[in-house]
Structure formats: C-alpha cells, structure tokens
Amino acid sequence: MSTTNSAKMKSMKSETEYNMKSIKFLLLIITTMFLIISGLMIVLGISVYSHYHSLSFLYESAKSGNFFTPSILVVVMGMVMMIVTLFGFFGSLKESTCMVNLYAYILFLVFLVELIVVCVAFRTDPASLARHVDIPVQAYSSDSEIMDEIDRMQYALSCCGSDSYLDYVGQEFTANHSTAAATVTTTDTVTLVLPKSCCESVIDETCSSVKLNGCKRAIINVLVQNSSVLGVLGVSVMFIQVLGITFALLLARCIRKMKSERALQTWKMCEERIMARKLEEKKDIPTITIGHIDSSKA
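Take 0 as the starting number for the sequence shown in numbering that gives the first Met the number 0 and just add one per residue.
None of these hints come from the bench; they were simulated from the model. For every residue, glycine included, the Cβ atom is placed at its ideal position computed from N, Cα and C. You may find that some hints are simply not true.
Claimed, not checked - Result set (BS3-like, lysine-lysine): computed pairs, CA atoms no more than 30 Å apart in a straight line:
| hint | residue 1 | residue 2 |
| --- | --- | --- |
| 1 | Lys256 | Lys23 |
| 2 | Lys93 | Lys258 |
| 3 | Lys256 | Lys281 |
| 4 | Lys20 | Lys267 |
| 5 | Lys93 | Lys23 |
| 6 | Lys215 | Lys23 |
| 7 | Lys281 | Lys267 |
| 8 | Lys267 | Lys93 |
| 9 | Lys20 | Lys256 |
| 10 | Lys267 | Lys256 |
| 11 | Lys20 | Lys93 |
| 12 | Lys23 | Lys281 |
| 13 | Lys258 | Lys281 |
| 14 | Lys258 | Lys20 |
| 15 | Lys256 | Lys93 |
| 16 | Lys277 | Lys267 |
As the list claims (entries may be wrong) - Pair ranges (Cβ atoms, derived):
| hint | residue 1 | residue 2 | range |
| --- | --- | --- | --- |
| 17 | Met237 | Leu165 | 40 to 50 Å |
| 18 | Arg272 | Tyr104 | 37 to 47 Å |
| 19 | Ala155 | Ser227 | 16 to 26 Å |
Could you build the full structure based on these sequences and the hints that come with them?
Below you can see the structure in the form of structure tokens.
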C-alpha cells in the first residue's frame, strides 16, 4: 500500500515539476521581452519629449496643460516596468510565491495606467493641438533666444513661419540676423527678406527656393504621428502584459502546489519512520511465558 502511495506521489510530483518548469521558462521569456520593450519605451518617450522640450515656447504650452503628450508618462512607465520585471525574473528563479504574486499585481496596475495612456495617445486631436500651439514668429527679430529656437525648428522640420513664410512680412531685420532675399511667385512675383532657415538652399545670399509648409502644421503632424506610434506600442505591450500576468499567477499556483506536495511528502516520510520505529520497538520487547503449575504435585 505504501509503495503504491509513494509511486502516485512521485508521479504527481514529476507532473507538477514539469508544469512549473514549463511555465517558469515562458515567464522568463516574457520578462526578457519586457526588459527590451521597457528600454524601447524609454528611448521612444525621450525622443518624443525632445521634440518639444528643446523649444521653450512649445514646452511652456505643454507644461501649462494646454495640450498633453504622453511621452513623459511613457518614460516613467518604462522605468517602472524595468524595475517590476526584476520581481518576476528573480521570483521565478527563486521560486518565491510572494515575489511572483507581487509581480503579477504591479503588472496589472501598470496595465491599467497603460490603458489610459493608449486612450490619450489615440485621442490626440490635431485641431485641438492647433488651437494651443503658438509659435512666436513676431518675436524673431527682437529675441535672440526665440530666433535660435525657431531657426533650429525650421531646419529640423523643413518649414517656415508659424502658418507660412508670410509671417515674416514686415519684420525689421538687422545685420545680426542670418537672412536672405527670396523671390516668391504666387499671383504676383514678390521679393521678401526671410531667415536663411526658411530656404531650401542659399546661393549668394539668395534663396533658391522657399519652404512653403508652416511650422505649426509640421509640429502637430510630428506629435500626432508619435502619439500613434506610442499607442500602437502600448497595445502591443498590453497584450504581452496579459500573458505575463497569466503566467505569473499560474507559476505562483504551481509553486504553492509543489511546496504543499513537498510538505506532504515530508510528513508521510516522517510518519513512515515513526511507524517503522514502533514496529522495531515491539519486536525488541522480550516475551515472558508463564507456565501452568500442577496443584496435585504440590
């Protein structure tokens, strides 16, 4: 009977160990993916953030709450995910139920926050952004800091002015400004003085061609495109997080089951030792035989 029970326990133990090793392997793969994804989230978030943080006028609009880009939150979430992943990684290696459950719980909270970020990213409205993005082109000729920022923006985004190159009409430029003469033909041919950053190329202090796109539209396109990328990345991460939460809970269950089986097996072995010791003690007790005395002989 004891042999049959021990065989059943060994079979159950091997099945539980096999399940636990399989789930542990899958969870380690997922945690490795989380490390890579969290690194990508940090890099992408910083990249999006740098698009407007380097421009003080745009940064002030974002900071004052006129519009919101989820890049800062994505960077923070990437860092949090990188830290949380360590709980799952070491918890699965150490077979710690507490760490694995904590990993699943925090991962679920991050999942909820990411759901909000994805909704914000996909609901980014170009018309709403256009109402709040203000490029102070009128201060170009009077403020050197604004001039440097606008020049950088116009070179980087291949644009000119806030709405168009016509925003520079009427501005008084001096020798300290980097300008060039531009001939623009619409209904009439007119010659304007524009910043060199508005020119596709400059030949002999003359614009060969003028950038026709306004910078406001270019900035909004960049923000909307990056928000869409963040949204798609968020959906992908959320799908993997669901798998991570599921496997973490399954692994915690397997660890608890295996620990219970180990405790039960230990208790069974102790019980068998006690029973074997009692049997040995019974065998070692001397048997005293009392013979029958015949009363007639007495």
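Consistency of the hints with the structure:
1. Lys256 with Lys23: Answer holds: Lys256 to Lys23 is near 14 Å, not above 30 Å.
2. Lys93 with Lys258: Given that 30 Å is the threshold and the Cα spacing comes to 13 Å, the pair holds.
3. Lys256 with Lys281: violated, 37 Å
4. Lys20 with Lys267: holds, 25 Å
5. Lys93 with Lys23: holds, 11 Å
6. Lys215 with Lys23: Violated - the C-alpha atoms of Lys23 and Lys215 are around 51 Å apart, more than 30 Å.
7. Lys281 with Lys267: Holds. Lys281 to Lys267 sits at ~21 Å (cutoff 30 Å).
8. Lys267 with Lys93: Between Lys267 and Lys93 the Cα gap is close to 26 Å, so the pair holds against 30 Å.
9. Lys20 with Lys256: holds, 13 Å
10. Lys267 with Lys256: holds, 16 Å
11. Lys20 with Lys93: holds, 12 Å
12. Lys23 with Lys281: Given pair Lys23, Lys281 is violated - Cα atoms ~48 Å apart, limit 30 Å.
13. Lys258 with Lys281: violated, 35 Å
14. Lys258 with Lys20: holds, 14 Å
15. Lys256 with Lys93: holds, 15 Å
16. Lys277 with Lys267: Holds, at about 15 Å.
17. Met237 with Leu165: 40 to 50 Å: holds, 45 Å
18. Arg272 with Tyr104: 37 to 47 Å: holds, 41 Å
19. Ala155 with Ser227: 16 to 26 Å: The hinted range 16 to 26 Å holds for Ala155 and Ser227, with Cβ atoms some 20 Å apart.
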